[in-house]
Amino acid sequence: MAETVWAPDGSNLVVHADNASFLPTLPDGAFTLIYVDPPFNTGRVQRRQETRMVRNADGDGDRVGFKGRSYDTIKGALHSYDDAFSDYWSFLEPKLVEAWRLLADDGTLYLHLDYREVHYAKVMLDAIFGRECFLNEIIWAYDYGARAKNRWPTKHDNILVYVKNPAKYHFDNEEVDREPYMAPGLVTPAKRERGKLPTDVWWHTIVSPTGREKTGYPTQKPEGLIRRVVTASSRKGDWCLDFFAGSGTLGAVAGKLGRKFVCVDQNEQAIEVMRKRLGTKAVFHGPPASPDGSGGSLDGSGGALNESLHSVGDHLHGNS
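Under UniProt numbering, the first residue of the sequence shown carries the number 1, and numbering increases by one thereafter.
Calculated directly from the structure, the hints in this document are not laboratory data. Beta carbons are placed, not taken as given, at the ideal position from N, Cα and C, and that holds for glycine. Take the hints with a grain of salt, since some may be wrong.
Calculated pairs, DSBU-like style, for lysine-lysine (alpha carbon to alpha carbon, straight line, at most 30 Å) [unchecked claim]:
| hint | residue 1 | residue 2 |
| --- | --- | --- |
| 1 | K168 | K95 |
| 2 | K196 | K155 |
| 3 | K236 | K196 |
| 4 | K256 | K191 |
| 5 | K168 | K236 |
| 6 | K168 | K122 |
| 7 | K214 | K196 |
| 8 | K95 | K276 |
| 9 | K196 | K256 |
| 10 | K281 | K236 |
| 11 | K256 | K236 |
| 12 | K276 | K236 |
| 13 | K281 | K256 |
| 14 | K281 | K95 |
| 15 | K281 | K214 |
| 16 | K122 | K196 |
| 17 | K236 | K214 |
| 18 | K95 | K196 |
| 19 | K191 | K236 |
| 20 | K256 | K214 |
| 21 | K214 | K95 |
| 22 | K256 | K276 |
Restraint ranges, calculated between C-beta atoms of paired labels, are given here [as the list claims (entries may be wrong)]:
| hint | residue 1 | residue 2 | range |
| --- | --- | --- | --- |
| 23 | Y115 | R192 | 31 to 37 Å |
| 24 | D126 | R192 | 35 to 41 Å |
| 25 | R212 | G59 | 24 to 30 Å |
| 26 | P287 | P184 | 50 to 56 Å |
| 27 | D87 | R212 | 26 to 32 Å |
| 28 | A7 | D126 | 29 to 35 Å |
| 29 | P287 | G59 | 47 to 53 Å |
| 30 | V187 | P287 | 53 to 59 Å |
| 31 | A7 | V187 | 45 to 51 Å |
Please work from the sequences and hints to get the whole structure.
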């Protein structure tokens, strides 16, 4: 009989675990929204150095800021993870099968990738969900990164959107923040004031290196981007899931918008970032307890979670 730390009327969760072992403990149809931002299979280790600026009163710092003020750069933790897989399909497919099982009948999956793997993932999702369940390919366009000299510079990510049931999925475009018209002089004042609904091309800046959102985690996604996903494809009180949670942006946004969330990651650095970012907004569940009783599940204040385990036994079918 399988056990889970999740309950439909329970608290938000941040789970330190391998998603391949944790997802089968969750019941069928539990989530209205699943956002997945897996490693992109770039073939390299992703790294990001935490830094902060401290004012240098003597004027001999290594950086110059506003009005010529001098600052010292203080380096913090170095976050990294491996982003190279010999067989990306074998890595990703069982997780996407689980995503299909975990979606409610009105649920939606957003799979965030880039040009390297998105085409293969589209074929895979067509097989898992059915081609009739493909809703959109969203292009997130930005302007940062290296400038290529021998090819067109790559300045976008791809987000594949699939629904569990094409006749029942939830989508509320009235809740989505509108954006300015590109040619405001060609529309009426009323339309100009209201703005227009976004299309499937989303222009949005990256997380600012000096902004409040910055956590120092590699490949952190901006809250504005995820806000659009959450508002369109879930309601207040709905459960949202991210099982490659990273810095916890889905949890941060879902919590602010009145949704419930489960964030899963096996990277200890990711869990520490989410502990700082989400704090008291979620219960933290750690690795399984060892035979001597150490480790185990801890909430934000260090209390054991074991007494709150809920059996889902007969609801689980495994991979389908």
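Each hint tested on the structure:
1. A hinted pair counts as satisfied when its Cα atoms are at most 30 Å apart, and K168 with K95 qualifies at roughly 23 Å.
2. At roughly 23 Å between alpha-carbon atoms, K196 and K155 fall within 30 Å of each other, so this suggested pair holds.
3. With a C-alpha separation of about 23 Å, the suggested pair K236 and K196 falls inside the 30 Å cut-off, and the hint holds.
4. Between the alpha carbons of K256 and K191 the distance comes to roughly 28 Å, so the proposed pair stays at or under 30 Å and holds.
5. About 18 Å separates the Cα atoms of K168 and K236, which keeps this hinted pair within 30 Å; it holds.
6. With a CA separation close to 21 Å, the supplied pair K168 and K122 stays within the 30 Å bound.
7. For the hint linking K214 to K196, the alpha-carbon distance of about 29 Å falls within 30 Å, and the restraint holds.
8. Taken as a hint, the K95 and K276 pair is honoured in the structure, with Cα atoms around 27 Å apart against an allowance of 30 Å.
9. Distance restraint check for K196 and K256: the Cα-Cα separation of roughly 24 Å lies within the 30 Å cut-off, and the hinted pair is therefore satisfied.
10. For the suggested pair K281 and K236, the alpha carbons sit about 16 Å apart, so the restraint of at most 30 Å is met.
11. At most 30 Å may separate the alpha-carbon atoms for a hinted pair to count; K256 and K236 meet this at roughly 10 Å.
12. Pair hint K276 plus K236 holds up; C-alpha atoms about 24 Å apart against a cutoff of 30 Å.
13. With a C-alpha separation of about 10 Å, the suggested pairing of K281 with K256 holds against the 30 Å cut-off.
14. For the suggested pair K281 and K95, the alpha carbons sit about 26 Å apart, so the restraint of at most 30 Å is met.
15. Taking the CA atoms of K281 and K214, the gap is about 18 Å. The hint holds against a cut of 30 Å.
16. Straight-line distance between C-alpha atoms of K122 and K196 comes to about 29 Å, which keeps the hinted pair within the 30 Å bound.
17. Between K236 and K214, the direct Cα distance comes to roughly 26 Å. Compliance with the 30 Å bound is thereby established for this hinted pair.
18. Taking the CA atoms of K95 and K196, the gap is near 35 Å; set against the 30 Å cutoff, the hint is violated.
19. About 28 Å separates the Cα atoms of K191 and K236, which keeps this hinted pair within 30 Å; it holds.
20. Restraint check for K256 and K214: satisfied, since their Cα atoms lie roughly 17 Å apart, inside the 30 Å limit.
21. As the CA atoms of K214 and K95 are separated by approximately 28 Å, the hinted pair is consistent with the 30 Å bound.
22. Annotation: proposed proximity of K256 to K276 holds, straight-line Cα distance about 16 Å (limit 30 Å).
23. For Y115 and R192, the hinted distance range of 31 to 37 Å is satisfied, since their beta carbons lie about 35 Å from each other.
24. Between D126 and R192 the beta carbon distance is about 40 Å. The supplied range of 35 to 41 Å therefore holds.
25. Between R212 and G59 the beta carbons are some 27 Å apart, a value that agrees with the proposed interval 24 to 30 Å.
26. About 54 Å separates the C-beta atoms of P287 and P184, a value consistent with the hinted range of 50 to 56 Å.
27. The supplied range of 26 to 32 Å is broken by D87 and R212, whose beta-carbon atoms lie about 39 Å from each other.
28. A beta carbon spacing of about 33 Å between A7 and D126 agrees with the range 29 to 35 Å that was offered as a hint.
29. Checked against the given bound of 47 to 53 Å, the beta carbons of P287 and G59, roughly 49 Å apart, stay inside it.
30. Distance hint for V187 and P287: a CB-CB separation of about 55 Å, consistent with the stated range 53 to 59 Å.
31. A hinted range of 45 to 51 Å for the beta carbons of A7 and V187 is consistent with their spacing of about 48 Å.
Of the numbered hints stated above, those contradicted by the structure are hints 18, 27, listed in ascending order.
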